[in-house]
Amino acid sequence: MSRATAKYLELVGELRLARLDHELRREPFTQDEELAYVSELDHWWREMTGEEQDAIERELAGEAPDAPEKLPAEDVDVELGSESGPRREAA
Amino acid sequence: MYLAAQRVVAPKSKQTGINAFLYAHGGRRWHVPPSDIPDRDPGRLERKSIVVKPPGNRVRSYLDIIAPDDLKAEELQRRLMAFLRRMQGSPFPWEAVEGPCLFRIGMDAELAKAGWSREVAALAVAGAELLAR
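As you go down the protein sequences, you meet chains Z and A in turn. Every number in our numbering is 130 more than the matching position in the first sequence, counting from 1. Once you know that position 132 of the second sequence is 114 in our numbering, the rest is easy, because the numbers rise by one and skip nothing.
No lab work stands behind these hints, which were simulated from the structure alone. All values reported here derive from a predicted model rather than from experimental measurement. Just to be clear, a hint being listed does not mean it is correct.
List time: in silico DSSO-like cross-link candidates among lysine-lysine, alpha-carbon distance up to 27 Å [as the list claims (entries may be wrong)]:
1) A:Lys35 / Z:Lys200
2) A:Lys95 / Z:Lys200
3) A:Lys30 / A:Lys(-6)
4) Z:Lys200 / A:Lys(-6)
5) A:Lys(-4) / A:Lys30
With the C-beta cut set under 7 Å, the calculated list includes, among others, these residues of chain Z facing chain A [claimed, not checked]:
6) Arg146
7) Leu150
8) Asp151
9) Leu154
10) Pro195
11) Asp196
12) Ala197
13) Lys200
14) Leu201
15) Glu204
16) Val206
17) Asp207
18) Val208
19) Glu213
20) Gly215
21) Arg217
In this text, a Cβ means the ideal position worked out from N, Cα and C, and glycines have one as well.
Work out the full structure, taking the sequences as your base and the hints as a guide.
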């Protein structure tokens, strides 16, 4: 992987986390903050070859982390003061 | 404390929502999360926020946070973000210790594909609202 490709992917991850961080703090992610990421992403995008750009687009299109089709869990009714967890393995 | 937020779907009505639960551990203190929390000792349930009435709903995603009761909210969020930075890109479920906290996140493939960070935000906000109540 070229340096430009690695930096681009790293920045995509950082941008996602920055948006999430703002959401959790209930603060708007300002246009200026977004633009700072976008201009750096543009820079590294231009550093890549066409082939690398195609590969990145493919990677980002199917980038969701692997996850099971269904979680093997169901919830349980828990009363205040009780000492059992909120879910168990599904029957 | 053990804070659990989980998105559930009712098997018949298909109603979906995030239920959250806050357990306390009677003054237990730690620098490293105890290995018995939450699976062997979830603690005593102090508060809950129910959108879809249990039991028997399918769990589609969850966020579990085990942290000292007196940890400040800002510190907890910083630890959560550090955990997410480490885990993003790994297959679900995610589980790791971050300082005095243990985090666990799981979700099904449909939610992950629709945007895992949006789902984590929804779970974390539901948990934070219960914590602030």
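Fill in: Index of numbered hints that the structure contradicts, given in increasing order
none
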